[in-house]
Each structure stands twice: as structure tokens, then as C-alpha cells.
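If you read the sequences in order, they're chains A and B. Residue numbering for the first sequence is 6 to 162, as defined by the numbering used here. Residue numbering for the second sequence is 190 to 612, as defined by the numbering used here.
By construction, these hints were calculated from the structure, which means they are not laboratory data. A portion of the hints provided could be inaccurate.
As the list claims (entries may be wrong) - If you anchor each label on the Cβ, the simulated ranges turn out as follows:
| id | chain 1 | residue 1 | chain 2 | residue 2 | range |
| --- | --- | --- | --- | --- | --- |
| 1 | A | 93 | B | 302 | 27 to 37 Å |
| 2 | A | 92 | B | 196 | 14 to 24 Å |
| 3 | A | 73 | B | 445 | 27 to 37 Å |
| 4 | A | 48 | B | 584 | 27 to 37 Å |
| 5 | B | 410 | A | 92 | 45 to 55 Å |
| 6 | A | 39 | B | 445 | 17 to 27 Å |
| 7 | A | 156 | B | 401 | 53 to 63 Å |
| 8 | B | 496 | A | 11 | 34 to 44 Å |
| 9 | B | 221 | A | 21 | 34 to 44 Å |
| 10 | A | 39 | B | 504 | 50 to 60 Å |
Unchecked claim - Using 25 Å as the maximum straight-line C-alpha spacing, the simulated SDA-like pairs for lysine to any residue come out as follows:
| id | chain 1 | residue 1 | chain 2 | residue 2 |
| --- | --- | --- | --- | --- |
| 11 | B | 453 | A | 19 |
| 12 | B | 496 | B | 510 |
| 13 | A | 121 | B | 239 |
| 14 | B | 453 | A | 26 |
| 15 | B | 576 | A | 84 |
| 16 | B | 400 | B | 448 |
| 17 | A | 121 | B | 574 |
| 18 | A | 89 | A | 100 |
| 19 | B | 318 | B | 392 |
| 20 | A | 121 | B | 228 |
| 21 | B | 577 | A | 81 |
| 22 | B | 262 | B | 574 |
| 23 | B | 453 | A | 32 |
| 24 | B | 576 | B | 562 |
| 25 | A | 121 | B | 225 |
| 26 | B | 453 | A | 28 |
| 27 | B | 490 | B | 196 |
| 28 | B | 577 | A | 88 |
| 29 | B | 262 | B | 406 |
| 30 | B | 453 | A | 14 |
| 31 | B | 262 | B | 572 |
| 32 | A | 89 | B | 569 |
| 33 | B | 577 | A | 87 |
| 34 | A | 89 | B | 564 |
| 35 | B | 318 | B | 307 |
| 36 | B | 576 | B | 590 |
| 37 | A | 89 | B | 573 |
| 38 | A | 89 | A | 152 |
| 39 | B | 577 | A | 86 |
| 40 | A | 121 | B | 226 |
Keep in mind the model is a prediction, meaning the values are calculated, not measured. We put the beta carbon where it would ideally sit given N, CA and C, even for glycine.
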Amino acid sequence: MLIARLHRIILLIEDSLLVLLLTLMILLSTAQILLRNLFDSGISWGDPALRLMVLWVALLGAMVATRDNNHININILSYFLSEKNQARVQRVTDLFASIVCGLIAWHATSLVIMEKQDGTIAFASFPTWMGESIIPIGFGVIALRFLLSSLTGNNPR
Amino acid sequence: MILIGLLLLLLALLGAPLFTIIGASAMLGFSHSEIDLSVVAIEFYRIAEMPVLLAIPLFTFAGYLLSESNAPKRLVRITIAFLGWMPAGLAVVSLLACAFFTAFTGASGVTIVALGALLYPALMQAGYKDNFSLGLVTTSGSLGLLFAPALPLILYAVIAQQLGIGGQITVDAMFIAGILPGLLMLAMLIGWSVWSSRHQPLQKFNWLEAKTALREAIWELPLPFMVLGGIYSGYFALSEAAAVTALYVLIVEVLILREISLRKLPGVMRQSMILVGGILVILGLSLASTNYLIDAEIPSKLFGFIKELISDKLTFLILLNVFLLILGTMLDIFSALVLIVPLLLPVAIGYGIDPVHLGIIFLANMQIGYFTPPVGMNLFIASYRFKKPVIQLYRAALPWFFILFTAVLVITYWPGLSLILLK
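The following block holds chain A by itself, in its conformation from the complex (with noise of 0.2 Å):
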């Protein structure tokens, strides 16, 4: 129970701030607009802000995605399966997307730590890695929710 919840918070957590980022984008990018119009201004931060947005709502896009099940893919063959064997080849691909989504995000991880021993930075004080970071958690909960989808053989919500 606790885990359902826990489960439940977490995908709230996951579609506020894909929307939070949306929201943001849209107010960031037209004030940067009014500023560079009538204020000859802009936030100096904000462009380098604006395009790390972008990377975040990808790939929190991405994850929503994993779970509607609604991924991009050409799925001809599985036309001509019964229903029981469409099921069956699904968690075959759903096990193999599960793996390479596991090793981008292992690698990605590597990455990470990397880039906070360098102690770079992106724009203002923000670290590149924390930037980064959403590379490796985003393809890892990809990972898990394409693994669970294999092995429980139904899309976890």
C-alpha cells in the first residue's frame, strides 16, 4: 500500500513538473522578448535556462510517454499475431527496450560524475551535472517501467 502511494506521488510529481516546465518555457521565453524589445535587455541567464528546459521536457515527455505506452515505433509484423502473441512479442520488446535504456542510463551515470568532479557550469551558478542529471534518471525510469511492463506482461500507470 505504502508503495502504491508512494507510487501514486511520484507520478504526480513527474506530470506537474513536466507542465511546470511548459508553463515556464512560454513565460520565460516571451519575457525574454518584451526585455530585448523594450528594454534593449534580457536575462543573461535565460537562454542557456530555456534550451536546458527543453532537454528536461524531452525527457520527462519521454517517461509520460513509457507509460501511456504511446512511443514512436513502425509495428507492422505484430498486425498479422493473435492478440495472445501480440502480448507476448510485446514484452520481448519491452524487455530489449528495458536494456538499452539501462545502459545509456549507466553510461549517462558516468557522465554525471564526471562532469561534478570538473564542477563545470552551465549558466549563472547552476552545475552542468545537475542539468545533466535528468539524462540518466530519465532513461532509468524508462528502463524500470519498460522492465515491470515485461514482466508483469501489462503497462504499469
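Could you slot chain B onto chain A? The hints should help.
For chain B alone, kept in the frame of chain A given last:
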């Protein structure tokens, strides 16, 4: 290596998410050349280094919001009021409204669902034949892909820039190059509509209706001028135009017209960002796989191989058309762009094809791939949406397919059409 490649292909055809296939091939390639695999993450991080990508979430959100509001209804009403009096007026209206809408929403089946659902019953009511109406609505679902600010045009420029060959291929250049080919397609379809429904009775122009429709759509009317005017005049950078559009649509639909409640808004945002996430993970991982391809000099090897088989540009273009047509029925436009352009562009440049022209050829082919029988995606969407057998849609879409196929041939073999406005 070949065995693993075939295995990946099989997994892709069985429905494994495309980004995982791309990620896997990138990692296999890099580990084969003994490069540390954290390079995949480094490449993926470049999503945060391309300013133009900001336009993708913003435009996608604006498009979703518009399609969830009553804007499609108003768009149809105002175009009927102003153009309905022409011969085949309603058919022309449908084509124009769909082209406009697709340019904004990026051709992901949204047009058929949002506009087709309004236009199809209207066409039937006005006495157009069933198959004509079905074919028109299905075809229109991907019309407008060559007009700014359609996402595929942006994405092509982004991918081509990554390759670093063939000079500067900017988003602006793609926007300008798409105008005449897009208009050609539109004109040919309008011509066919007028001819095939020449027995339709004409409607009178109604001043009152025009005035009401105009007043109703008053908030959305500035939108095309803002976006297109802003981009083409160079006043706005692309991402700025996207930001202004997103904020404007948000204010109009949520705060002024209140057609999307604040409670519904997060759902629309979430839905649109799922599509954005889907596209951008594919793009991010393909940055890595493209990097590997270039490192391993695969495009130039491919060109050497093809050059042995095909000596002249014309044969290459013919085969290109066939290849892209088949590709377009199997892959959606975004994955096709990301997967094929890095391989295709260097080869095409080798045959002396202008990279901007290639982009237009590519997208024009993809556009008709959407409704090429038997597996074009929009045929299924339309069949599902209008509850008609797919077979009937094959027949309904066929004349439209041949017309646009002719347009694609013209676009392919007449580079000037795409390039003349750039000079």
C-alpha cells in the same frame, strides 16, 4: 554485425520503440570502434545546445491547444463564409483550412480528427459524393506540411545542420523553399476539386454570415499574420515566434474565450509534451548514431556503393521517389527524417542535388506516404474516425494520390520550383 543489424530490424518491425533501436545501434557502433559509451549521453545533451529546438515544444503545445478548443469550428466557418461562393467552394475551403491547420499542428493525424470531423459531414450535406469527400478529407490530413511553421521542415534543417555538409541549411531556407511546392500541391488539388464537382450548385455570398464569422474568429485571425509575417520578415527568430504563438493561444483560448478550462489545461499540456518527448528522444539518440555514422564514414561508403549501381542523377531521383514513397507508408515523418536523412543527404549531394531541394523532395514524398494504399497511416485514422471500411478509403484516396504523386514528380525533377525564391 549484419546478424545484429537484422535482429534490430526485426525488433523494430515487431514494435520496439524506435528510439531504443536507434540507441542500440549507436551503442553497438561505438563499442565496435572501442569508444566509451558515455559519448551517447554527451551527444544526447546537445539537445540543450540547439536554440531552434525550443520552437518544437512551444509550437506543438499551441497546435494541441488550438485543436482542443473551438478554433477548428471557427476556422471552417470563416473560410466557408468567404470562399463558399466559389465553384466547389466547400471543397476548396476544406483544402485551405486543412493545409493551414496542418502547418500549425505538424501532420500527426490531428488534422483529420479535428477538422475532418467537421468537414466531412459538411461536404456530405452540401451534396458532394461520399468517396470524393472521404478522399479529400484523408488527403488534406497531411496537406500543408511544406508551409511554415510545420515541424518537419524545422526538423529537416536541424538534422541537416548536424551533418555539417552542403553549406548552411537554415530553417528559414526550408520555410521559403516549401512555399511554391506547397502551393503547387494545393493548386492541383483545388483544380481537381473544381473539375470533379463542377455540377454542384453555387452558393451566394452572404454578407451577414461573413460578418458574424469574422467577428467570431477575431481572436484567432492575427495568428497567421503574427507567425508567418514574423518569421518571413525576419522580425522574429523561429523560437521567438513559437513563444509568442504559445502565449497568445494560451491567453485567447484559456483566459479570453475560456474554451479550455484551467482544470483541463494541464491535461492538454501533458498530451502535447508526450509527442514532443517522443520526437526529441529519437532526435537526441540519433545525434549519437549520426555521429557514429560519420565517424565510420558510412555515408561516403554508401555513396560509393550506390555510385557503382546508379550512374546518373535522373535514375537516382526516380529510385529515390520509389524508396521514399515506400518509406513514407511505413515510418512516420519524424522517425523517417531522423533515420534516413543522415544517410541520404551525403549521397544526394554526391549526385549534385541541392540539400534544401532534397528536403522538399523528402517531405513531399512523406506527405503522400501518409495516405498511400495499403498502409498509409491517415487511411486508418480516417477509416476509424468516419467508420468506413479501409477498402473504401483506398478507392476514395486513389485519385487524390495520383494528383499529388504528379505534383511530387514535378517537385522532384524541377529544382527551380523549390529554390527560385531563395535566390
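How the hints compare with the structure:
no.	hint	verdict
1	A:93 to B:302: 27 to 37 Å	holds (31 Å)
2	A:92 to B:196: 14 to 24 Å	holds (21 Å)
3	A:73 to B:445: 27 to 37 Å	holds (31 Å)
4	A:48 to B:584: 27 to 37 Å	violated (57 Å)
5	B:410 to A:92: 45 to 55 Å	holds (50 Å)
6	A:39 to B:445: 17 to 27 Å	holds (19 Å)
7	A:156 to B:401: 53 to 63 Å	holds (59 Å)
8	B:496 to A:11: 34 to 44 Å	violated (59 Å)
9	B:221 to A:21: 34 to 44 Å	holds (42 Å)
10	A:39 to B:504: 50 to 60 Å	holds (54 Å)
11	B:453 to A:19	holds (17 Å)
12	B:496 to B:510	holds (17 Å)
13	A:121 to B:239	holds (23 Å)
14	B:453 to A:26	holds (17 Å)
15	B:576 to A:84	holds (19 Å)
16	B:400 to B:448	holds (22 Å)
17	A:121 to B:574	violated (51 Å)
18	A:89 to A:100	holds (17 Å)
19	B:318 to B:392	holds (17 Å)
20	A:121 to B:228	holds (16 Å)
21	B:577 to A:81	holds (21 Å)
22	B:262 to B:574	holds (17 Å)
23	B:453 to A:32	holds (19 Å)
24	B:576 to B:562	holds (17 Å)
25	A:121 to B:225	holds (18 Å)
26	B:453 to A:28	holds (14 Å)
27	B:490 to B:196	holds (22 Å)
28	B:577 to A:88	holds (23 Å)
29	B:262 to B:406	holds (10 Å)
30	B:453 to A:14	holds (20 Å)
31	B:262 to B:572	holds (21 Å)
32	A:89 to B:569	holds (23 Å)
33	B:577 to A:87	holds (23 Å)
34	A:89 to B:564	holds (23 Å)
35	B:318 to B:307	holds (16 Å)
36	B:576 to B:590	holds (21 Å)
37	A:89 to B:573	holds (23 Å)
38	A:89 to A:152	holds (19 Å)
39	B:577 to A:86	holds (23 Å)
40	A:121 to B:226	holds (18 Å)
Comparing the model with each numbered hint stated earlier shows that hints 4, 8, 17 do not hold.
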